[in-house]
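J.: Residues per chain are reported as follows:
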Amino acid sequence: MARDATETRDFGGSVKMRYSAFKIFMQGLTGNKSWKPVWREPDPKPEYDIIIIGAGGHGLSTAYYLAKEFGMRNIAVLEKGWLGSGNIGRNTTIIRSNYLLPGNQPFYEMSMKLWENLEQDTNYNSMVSQRSILNLIHTDGQRDAFVRRGNAMFLSGADAELVDAKQLRDELPFLNFDDARFPIKGGLFQRRGGTARHDAVAWGYARGADSRGVDIIQNCEVTGFDIQGGVCRGVETSRGPIRARKVAMCVAGSSGRVAALAGMRLPIESHVLQAFVSEGLKPTLPGVITFGAGHFYVSQSDKGGLVFGGDIDGYNTYAQRGNLPVVEDVAEGGMAIMPMIGRARLLRSWGGVMDMSMDGTPFIDKTHIEGLYFNGGWCYGGFKATPASGYCYAHLLAKDEPHPNAAQMRLDRFMTGNLIDEKGQGNQPNLH
Amino acid sequence: MSQSNRINGGLIDRSQTWDFTFNGKKMQGHPGDTLASALIANGQKLVGRSFKYHRPRGIFTAGSEEPNALVQLRAGAHQEPNTRATVAELFDGLTATSQNHRGPLEYDFMAVTDFLSPFLSAGFYYKTFMWPKAFWEKIYEPIIRSSAGLGSLSMKEDPDSYDKGFLHCDLLVIGAGPSGLSAALTAARSGARVILADEDFRPGGRLNSETLEVDGMSGSDWAAHTVAELSAMDNVRLMTRTTVYGAYDHGTYGALEKCTDHLASSGGKPRQILWRIYSKRAVLAAGATERPIAFGNNDRPGVMMASAVRTYVNRFGATPGQQVAVFTNNDDGWRTAKDLADKGVEVNAVIDTRNQPPVIEIPGARYHRDAKVRDTIGRKGIKAITLADDQVIPVDCLAVSGGWNPNVHLTCHQRGRPEWRDDINAFVPGGVLPVGMTVAGAANGQLSLASALQEGHDQAAAQLKDIGIKVAKAKLPQAEDEARESVAFWHVKESDKRAWVDLQNDVTVKDVKLANHEGFRSVELLKRYTTMGMATDQGKTSNISGLAILAEEAGKTIPEVGTTIFRPPYTPVPMGALGGRARGKDFRPYRLTPSHKWAEANGGSFVTVGNWMRAEWYTRGNEKGWRDSVDREVQMTRNSVGICDVTTLGKIDVQGKDAAAFLNKVYANGFAKLDVGKVRYGIMLREDGICYDDGTTARMSENHYVMTTTTANAVLVFRRMEFARQCLWPNMDVHLISTTDGWAQFAVAGPNARNLLRKVVDDEHDMSNEAFPFMACGEVTICGGMPARLFRISFSGELAYEIAVPARYGNSMMSVLNEAGAEFDACPYGTEALGVMRIEKGHAAGNELNGQTTAHNLGMGRMVSQKKECIGNVLSQRPELVRDDAIKLMGFKPVNPETKLIAGSHFINKGAEANMDNDQGWMTSVAYSPILGHSIGLGFIKSGDTRKGEIVRAVSPLHGTEMEVEICSAHFIDPEGERLRA
Amino acid sequence: MIINHPILGPRDAAEFVCLGDACMIDRPDWEAEDAMQQFHEYGYLRDNPAGQHQELWYHEQGDRSWLVLTRNTLTHEITKVEMARDVARSRGRDK
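Going line by line, the protein sequences match chains A, B and C.
Read in order, the letters of the first sequence correspond to residues 0 to 431 in numbering that gives the first Met the number 0.
Read in order, the letters of the second sequence correspond to residues 0 to 981 in numbering that gives the first Met the number 0.
Read in order, the letters of the third sequence correspond to residues 0 to 94 in numbering that gives the first Met the number 0.
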């Protein structure tokens, strides 16, 4: 039988089915019976060029860009659970590049540009929605800091817009302008910021990587490293040893645990960040709103749920759950800034383990062990970084030199003093 | 059609009839009704539309697990979207409207999606809407968003109030069904402090819905008797309408009590109370939820859970149909048929998937053994069913029973995983339960009444024993063990029509199969891809069936497939309740300065500084804007004298024999040798070597120091000093007390400062420049004997003092100072003038001490001693932090004096392109200097100390502006410091 | 969480502020040859264990004691609560 004209076979990989409205129409007429599996379920091979530990967003995007941009195919992504089960599967879906410091801003703007073409690139609708992100301003000092930030964004090619309270009232009349404990004096918009459908990002990258020959191996936990004479030659897993020329850690909240298997101590602590979603509602919020003074940020998903969050609980944990004081603190912030949500109901809360770094900035770097690479320390901002993190990590793995936009995200920066501390909180992870 | 389906019996009060409306249609009900039971009594089948396909939907359950019957309750600002009709208590005058449709409920325009369903299979949206690129945000997404969502918020401020409360108990019993009542009774009679909470307004659980007997009386009567006994006991708190929604660490539970939701108006009382319950032990007696069976068109109005049909008939005296069939895979479903028949409702068929004799003889009903319902007919309400053997049976209600799922949710809130039990085909609590929790009754898989009563008692007794409470002997309530045999049966394979698994989110058996086929084989992936279990009911009736079908499709057992994780809350909790009273102006407490009242009476305008309210300026006479006031305050202060309340600065009393040595460790500059009666400026570093805070410390006596911190860092500095004292140098003899709120402190600044204070400070204190020079301090008396502290320190750069009095005299002190200053034309000044003067003087404040800058950056690098042990000095010397070309704090003035500088501008060298690579630094603070007559600024710029006189560009693309500025000294005024030493 | 304060008894964790790993008690010798290296490790590197963790909490809304908790980061179970000052002394810290 002649192959469907919209199918292509990439070398080394599985059948790739091109998605389109036409495809959906044809499948609908024939009972949706011939959709292809989105990815294979391969058994691990004995050896790969590169093993990526962790099939979360960053691990999958790393594999995708390694295959697509750097022409590497003999790659395995090992995942102890199901693909996308990392923090890509539990976050508040915000994308933005409103950073301040030179070590960060170009990187996140690179990520934003990758987001803007993600769907066309992966042929998967990740629902990237540039519906804007707003940071509210309540004091003159805050405005000065946001002006500095907005200008830094402009200078690295991003967009920013400063608005006063009157403009905000016209645009978001439901905010608490008249009875606020901390009066709203204005805000900084990034109109290109917004949200994306987090799971779909993982699936899009997984599908793209798989179709280019990358083996995504689920239910395969790394239990040790094969390190001889300071050189990493592979990993031990729940499905047996696998050799590799390069091994790339990419496990976010599990960084401490996995690095310990290689005998490494990291400038990272694991903390829980709770996030929340309300029952579905008709369109309520146009974009992402951040109320920093009240530890509250919120957006509305395409399904209608208000997706919101606040501060981390503040204690070290791997338990993926938090406690009541933060739940109430976040809701108080929400009620303070937009009291019209009082009759919306919190539907579900969850907790993700955050790899909080010592200055709030991540690492994409080689380790002191040859052949072992590290990507982590994303704090609670890893989602927006998914494309650039993957791209820059792939660059490092393929070329053994850092991508210029991630060149400062080094593990040794605390020794040299080249800190990248956006919040100015110092070496206390739970304050970032 | 008033109450056409009302039948005899039930626990409703027929002596009163209430009016309510649904979609404007007038209906009647009785006290004791829910909105759902009243709608059923009035024969209203169609109550809503589903999420994706906008399918007509009716009432499906009788409890908080309801997926279909969601309505908007009340109107105006009280409008409450997505309210389950099954748990909304009826009240006189209730108004409800259906939601998620365009046009009338009966003729929803959006129902067109139902006919397009072949093209809208699970995850279809991930495969399309990508071309052309710009269409996603402009066209596709807005359409998706407006058709998604369910109910609407009013967009008005929630007019109700909410409270929060805290409770403590020995034993928390969650659920007041048979096992919960039994547990509470045992604990209460033993004298334990008991909280018994139930989400229903009538305790009793299934006892109110069944015809079973306990101790020879009807179950509902026994429940009422038990409740009466418990209510009379002082050690019991019975909380109805209270849902324990989450299990948190160490025996803490979150609970929501609905106080006035069942009333037409809250009458000014809190609508709901959010309780935090601290329990020593807890018994979860949350019961079980009946699950459906999936078959073709199993979502039509009139298809209902069998147990819900019993509830409506037995508890509410309302029948969901006049011609009912029962479809079951277990014995329990038969009781629906029996109870209906006993009430005189026609039961025309019982369809059991099992091949066995009838469980109960049902008069008038035809028994179909080893049979299945394949399809249903009737778009807006079921009219008939088709069996797998193609028999068509006319019905107006189909009661479905697929077995029972224990409500294990709270056992999983700390990530415990339930275990599968083959004998009851259900998950029961397993693994590690939350600390202190045990589970009893149906929630633990004890599905029969007698076993539930027994286990409630047993679990309570075991828990009490564990915390040392002797269990009182008492007779256990007696009941029969009803028949409960069941088989695993999840969906009808003979159905070729869509068979719903998740009713609200429109997930069908085909969707589950497609997800598995496409590779979404983990149950978590299944959930995420199909949205199964993600609706407002969180899959209470759908999750287990969905994963059973997934298991079947994947050729695995159900325990191999596993479950998704149940997370709090058990049922949704309003944001208003979680926020409580902390909203509006009460969001955070206000801290008022001691002179707040004086400031209010004297033209003060206030600004939020952290939680403090400070006077930002004092408007006088015909001043038109804030600049007029601020300019005047600066000029009056610099020309004569000004007075400012600076109480908000943190004050820490440091005492002890090792106080000096201690200060020498927490400050980066030397503090070991400071004479009594002297003040010193100090900078504090974090351990990472970054500047953290600055302030002055005064040595009041041999072993007594008074430290000031910045307003913002008062709490944090104190915390860090306690850390240093207790954890780093635990044997030092030093003690700390925060005295920020104990002393009111005022800056008196300007050439006439001494003259003014001379009038206030008692004569015996020599205030001459020789006796009390710059940086002197001492205890004095004022106004004829009042103790005060006097410090000669200056933030403005003028001859200045700060005078401190006990806080209760603060307001009077402000009056006294201003009255004494009248002859010098003294003025009070606010934070704005303070800010202008500190910029004129080049003092760093919050914008410069932002946690990212070092003493080196601030031009104070040499103050950081390397000759002593102190916090931060080692890491402050890291190579990148002491670079020669580091940014330095400098002054900036516009080349064109008419130009207004902008804080937050970035510096770019002349001729260079404005981009991040060429970024030289940024402007931190700007002000208009009324003394110099132009705008001035402070800022950090690379190698600033070597670039004085250079012209650079200050760019603010955010404002679309760019201006030339000259780098200069940060000390715009009196660089030699002659004024402050005058 | 509930913290069983050695002096005050059980208190809600919301009254406390968590600083992190109790290794922060072990501040290095500033005069050591490799002081910079030691302070780097002290300031930045953490074991971050999944399991028993000794950590510093400050009773800010209470008696201002610094405590050392032994708490499991997987279950949140607290098995020991000590006064940080006692721990610091037992680890040889002086003045």
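Bear in mind the hints are in silico, worked out from the structure with no lab data behind them.
Do not rely on the hints blindly, as some may be mistaken.
Claimed, not checked - In silico BS3-like links for lysine-lysine, alpha-carbon gap of 25 angstroms or less:
1) Lys496(B) x Lys22(A)
2) Lys155(B) x Lys422(A)
3) Lys79(A) x Lys555(B)
4) Lys379(B) x Lys32(A)
5) Lys555(B) x Lys279(B)
6) Lys184(A) x Lys509(B)
7) Lys137(B) x Lys22(A)
8) Lys67(A) x Lys899(B)
9) Lys281(A) x Lys492(B)
10) Lys94(C) x Lys672(B)
11) Lys866(B) x Lys165(A)
12) Lys947(B) x Lys909(B)
13) Lys184(A) x Lys899(B)
14) Lys656(B) x Lys79(C)
15) Lys555(B) x Lys22(A)
16) Lys379(B) x Lys35(A)
17) Lys132(B) x Lys32(A)
18) Lys379(B) x Lys281(A)
19) Lys35(A) x Lys941(B)
20) Lys866(B) x Lys281(A)
21) Lys496(B) x Lys35(A)
22) Lys22(A) x Lys132(B)
23) Lys22(A) x Lys24(B)
24) Lys867(B) x Lys94(C)
25) Lys165(A) x Lys672(B)
26) Lys584(B) x Lys165(A)
27) Lys866(B) x Lys79(C)
28) Lys947(B) x Lys112(A)
29) Lys464(B) x Lys492(B)
30) Lys94(C) x Lys279(B)
31) Lys184(A) x Lys155(B)
32) Lys184(A) x Lys584(B)
33) Lys623(B) x Lys112(A)
34) Lys32(A) x Lys672(B)
To be verified - Some residues of chain B that are not near chain A, with every Cβ distance over 12 angstroms (derived):
35) Lys51
36) Leu119
37) Lys132
38) Gly148
39) Leu262
40) Val391
No residue lacks a Cβ here, since even glycine has one placed at the ideal position from N, Cα and C.
J.: None of the hints should be skipped; say for each whether it holds.
T.: So, going through the hints one by one against the coordinates:
no. : hint                  : result
1   : Lys496(B) x Lys22(A)  : 23 angstroms, holds
2   : Lys155(B) x Lys422(A) : 34 angstroms, violated
3   : Lys79(A) x Lys555(B)  : 19 angstroms, holds
4   : Lys379(B) x Lys32(A)  : 30 angstroms, violated
5   : Lys555(B) x Lys279(B) : 40 angstroms, violated
6   : Lys184(A) x Lys509(B) : 52 angstroms, violated
7   : Lys137(B) x Lys22(A)  : 23 angstroms, holds
8   : Lys67(A) x Lys899(B)  : 51 angstroms, violated
9   : Lys281(A) x Lys492(B) : 36 angstroms, violated
10  : Lys94(C) x Lys672(B)  : 18 angstroms, holds
11  : Lys866(B) x Lys165(A) : 55 angstroms, violated
12  : Lys947(B) x Lys909(B) : 15 angstroms, holds
13  : Lys184(A) x Lys899(B) : 20 angstroms, holds
14  : Lys656(B) x Lys79(C)  : 33 angstroms, violated
15  : Lys555(B) x Lys22(A)  : 31 angstroms, violated
16  : Lys379(B) x Lys35(A)  : 36 angstroms, violated
17  : Lys132(B) x Lys32(A)  : 28 angstroms, violated
18  : Lys379(B) x Lys281(A) : 24 angstroms, holds
19  : Lys35(A) x Lys941(B)  : 58 angstroms, violated
20  : Lys866(B) x Lys281(A) : 65 angstroms, violated
21  : Lys496(B) x Lys35(A)  : 23 angstroms, holds
22  : Lys22(A) x Lys132(B)  : 18 angstroms, holds
23  : Lys22(A) x Lys24(B)   : 45 angstroms, violated
24  : Lys867(B) x Lys94(C)  : 13 angstroms, holds
25  : Lys165(A) x Lys672(B) : 55 angstroms, violated
26  : Lys584(B) x Lys165(A) : 20 angstroms, holds
27  : Lys866(B) x Lys79(C)  : 39 angstroms, violated
28  : Lys947(B) x Lys112(A) : 40 angstroms, violated
29  : Lys464(B) x Lys492(B) : 51 angstroms, violated
30  : Lys94(C) x Lys279(B)  : 42 angstroms, violated
31  : Lys184(A) x Lys155(B) : 21 angstroms, holds
32  : Lys184(A) x Lys584(B) : 16 angstroms, holds
33  : Lys623(B) x Lys112(A) : 48 angstroms, violated
34  : Lys32(A) x Lys672(B)  : 86 angstroms, violated
35  : Lys51                 : 10 angstroms, violated
36  : Leu119                : 8 angstroms, violated
37  : Lys132                : 6 angstroms, violated
38  : Gly148                : 3 angstroms, violated
39  : Leu262                : 16 angstroms, holds
40  : Val391                : 25 angstroms, holds
Of the hints listed earlier, those the structure fails to meet are numbers 2, 4, 5, 6, 8, 9, 11, 14, 15, 16, 17, 19, 20, 23, 25, 27, 28, 29, 30, 33, 34, 35, 36, 37 and 38, in rising order.
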